[in-house]
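S.K.: Okay, here's what each chain looks like letter by letter:
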Amino acid sequence: MKESFSIRGVEFKNRVLVASGTFGYGDELRDVVDVNALGGICTKSLSWKPRDGNPPRRIVETPSGMLNSIGLANIGVHTFIQQKLPYLRTLDTVIIANIAASSVQEYCDVLALLDGEEGVDGYEINVSCPNVKEGGLNFGTNREMTCEITAKLRALTKKPLIVKLTPNVTHISEFARAAEGAGADAVSVMNTLIGLAVDIHARKPKLSTITGGLSGPAIKPIALAKVYEVAQAVKIPILGIGGIMTADDAVEFLMVGATAVQVGTASFIDPAAGMKVALGLKAFAEKQGLADVGELVGAMESNVKVSILQSWL
Amino acid sequence: MSESVRHIEQALIPVVDRSEIAEGIFVVRLRSQHLTKYASPGQFINVRCGDGCLPLLRRPFSISRVEGDVLELVFNVVGQGTRMLASRKRGDLVDVLGPLGIPFNISGNYEAALLVGGGLGAAPLPFLTDRLLREKKRIHTFLGARSANQLTGRFLVGLHISTDDGSKGFHGTVVDALKKYLSENKPEKMKIFGCGPTRMLKALAEVADSEGIGCELSLEGDMACGMGICQGCPVERTDGKKKYSLVCVEGPTFNSHEIVLR
Chain C
685 MKESFSIRGV
695 EFKNRVLVAS
705 GTFGYGDELR
715 DVVDVNALGG
725 ICTKSLSWKP
735 RDGNPPRRIV
745 ETPSGMLNSI
755 GLANIGVHTF
765 IQQKLPYLRT
775 LDTVIIANIA
785 ASSVQEYCDV
795 LALLDGEEGV
805 DGYEINVSCP
815 NVKEGGLNFG
825 TNREMTCEIT
835 AKLRALTKKP
845 LIVKLTPNVT
855 HISEFARAAE
865 GAGADAVSVM
875 NTLIGLAVDI
885 HARKPKLSTI
895 TGGLSGPAIK
905 PIALAKVYEV
915 AQAVKIPILG
925 IGGIMTADDA
935 VEFLMVGATA
945 VQVGTASFID
955 PAAGMKVALG
965 LKAFAEKQGL
975 ADVGELVGAM
985 ESNVKVSILQ
995 SWL
Chain R
2 MSESVRHIEQ
12 ALIPVVDRSE
22 IAEGIFVVRL
32 RSQHLTKYAS
42 PGQFINVRCG
52 DGCLPLLRRP
62 FSISRVEGDV
72 LELVFNVVGQ
82 GTRMLASRKR
92 GDLVDVLGPL
102 GIPFNISGNY
112 EAALLVGGGL
122 GAAPLPFLTD
132 RLLREKKRIH
142 TFLGARSANQ
152 LTGRFLVGLH
162 ISTDDGSKGF
172 HGTVVDALKK
182 YLSENKPEKM
192 KIFGCGPTRM
202 LKALAEVADS
212 EGIGCELSLE
222 GDMACGMGIC
232 QGCPVERTDG
242 KKKYSLVCVE
252 GPTFNSHEIV
262 LR
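Going line by line, the protein sequences match chains C and R. For the first sequence, the residue numbers in the numbering used here are 685 to 997. For the second sequence, the residue numbers in the numbering used here are 2 to 263.
Extracted from the complex, chain C is given alone in its bound form:
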């Protein structure tokens, strides 16, 4: 059974990665789970300087999901290189450094610094964080900015460049096309949806920042529709993200056009969720008599020639 796939010459041993912000820097759970069973690890978003993140409260559970407003709390790229990278180099899985920034120059500086280091296999560019004032969604909801950032970073690296898109736009496929046109090797679809929860007794928002990013199974049908939409628009691989808890969920994402998936919120509940999804995906493909898990990509069949979605685009 072939489980692997490649992006720009980097081979992932299977089609299941863990999503940025849901698996730390890859070393926190080293004594709890076998991280080498993953196709890849997307690190917590890295910025040039350390970021404290937002004040509490940062997490609220909602029906079948959760809202978060972490605010890109991270140790900064220098400390990452010093303290985290040496361990990550010893792992037998692909390491994707996720980069967040509040200016185009900061994106470039962080990537350029990492590109000189052994142990980082590729980059995922976060232009879609809903929980910071500068950067984040300002970039991800502006097609020209998405283009500019992608093009500038493309010029700085020969490693895989993945742009992580936000669903908080009218047509995510336009942003996917923009990223593809500017030289991205893949797109991650999708980041969290903006959401809000109210403490009705206090008449206050539950999160300190009022709104946050919604994740978990609650958003899976939306994410599937976004991946489907993007799959009609671009030729580059799509990493499907949004509420994946089980291998069956991952199969759905592959069938609507994702080349691979990222497991996110599920890791908070079960740190081995990503590994279990990878095993289950392989078992599903075996049961279907396939020779390659990749045969599931785009395998959804429909008699409908033009979906409502396509006529609306």
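One or more of the hints may lead you astray.
[Stated by the list, open to error] Dumping the calculated BS3-like pairs for lysine-lysine here, alpha-carbon to alpha-carbon at most 27 Å:
#1 K686/C x K697/C
#2 K733/C x K244/R
#3 K138/R x K190/R
#4 K242/R x K817/C
#5 K203/R x K181/R
#6 K919/C x K842/C
#7 K888/C x K203/R
#8 K817/C x K243/R
#9 K242/R x K733/C
#10 K919/C x K697/C
#11 K966/C x K686/C
#12 K243/R x K733/C
#13 K180/R x K138/R
#14 K919/C x K843/C
#15 K244/R x K890/C
#16 K960/C x K686/C
#17 K890/C x K203/R
#18 K169/R x K181/R
#19 K888/C x K180/R
#20 K733/C x K817/C
#21 K137/R x K187/R
#22 K697/C x K960/C
#23 K243/R x K890/C
#24 K919/C x K966/C
#25 K244/R x K817/C
#26 K971/C x K697/C
FYI, nobody ran anything at the bench for these hints, they're computed from the structure.
Add chain R to chain C, keeping to what the hints say.
M.R.: Chain R only, in chain C's frame:
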């Protein structure tokens, strides 16, 4: 804590029994050789209360007591998760992750331990009591609740009861009861261990400070993972080295001077 000494394990462990010890307050006893071997007072486990997506996240529970290979959780039914856990029956398997967090620091030059618990925040005190008795410490336990029917003094020693409505013991907050005690008794070297609502801990830390008594606090935080991954449970630090600590991995126990309570 260095990662090499952690013993975090995810496991399905059986319910030994379950009982309602006061109105809406439940004790669930679980069997786990791993947890009872490695857990220390102040640590917690993260429990999957159901098995579907409602509730989605685990719920953190401090370990209330350990006896042989059985551990006890004591909790109030406050929502869907705790309601589901309270309805588990003997033999049911529960998905737990732990032990998590930093235990109470019981070291120090003191003869008497002052244990201060507010409401169900007092849950970890029996486990702490066992450990302190082994260390031959004298123990005074200040236990407060809104009303007498919400008090559970199980497995606690040297009890000083207080209730907000005056239905039992001292009429007032648990911190006021402690203040009164300290104004009348100061013969020994003391250390305070507090757990309960944030407002109570803040008042407690102020008393400890003004009396010059060392104080360990156990905090609660809204957390998704309990393992330092989600970054969901920050508490402000005082030392300026960094702005926040995470309650789940740098706590839940802190020296009162380390953190700012709001």
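S.K.: Evaluate each hint against the coordinates.
M.R.: Structure-based check of each hint:
1. K686/C x K697/C: holds, 9 Å
2. K733/C x K244/R: holds, 14 Å
3. K138/R x K190/R: holds, 11 Å
4. K242/R x K817/C: With a Cα-Cα distance of about 24 Å, the restraint between K242/R and K817/C holds, given a limit of 27 Å.
5. K203/R x K181/R: holds, 17 Å
6. K919/C x K842/C: Holds - the C-alpha atoms of K842/C and K919/C are around 19 Å apart, at most 27 Å.
7. K888/C x K203/R: holds, 22 Å
8. K817/C x K243/R: holds, 21 Å
9. K242/R x K733/C: holds, 14 Å
10. K919/C x K697/C: Given that 27 Å is the threshold and the Cα spacing comes to 22 Å, the pair holds.
11. K966/C x K686/C: Holds: K966/C and K686/C sit about 9 Å apart, inside 27 Å.
12. K243/R x K733/C: Cα-Cα ~13 Å, so holds.
13. K180/R x K138/R: holds, 21 Å
14. K919/C x K843/C: holds, 18 Å
15. K244/R x K890/C: holds, 21 Å
16. K960/C x K686/C: It holds: about 17 Å lies between the C-alpha atoms, which stays within 27 Å.
17. K890/C x K203/R: holds, 21 Å
18. K169/R x K181/R: Cα-Cα ~16 Å, so holds.
19. K888/C x K180/R: violated, 34 Å
20. K733/C x K817/C: Answer holds: K733/C to K817/C is near 16 Å, not above 27 Å.
21. K137/R x K187/R: holds, 19 Å
22. K697/C x K960/C: Holds, at about 14 Å.
23. K243/R x K890/C: Between K243/R and K890/C the Cα gap is close to 25 Å, so the pair holds against 27 Å.
24. K919/C x K966/C: holds, 24 Å
25. K244/R x K817/C: The hint holds at about 19 Å.
26. K971/C x K697/C: holds, 20 Å
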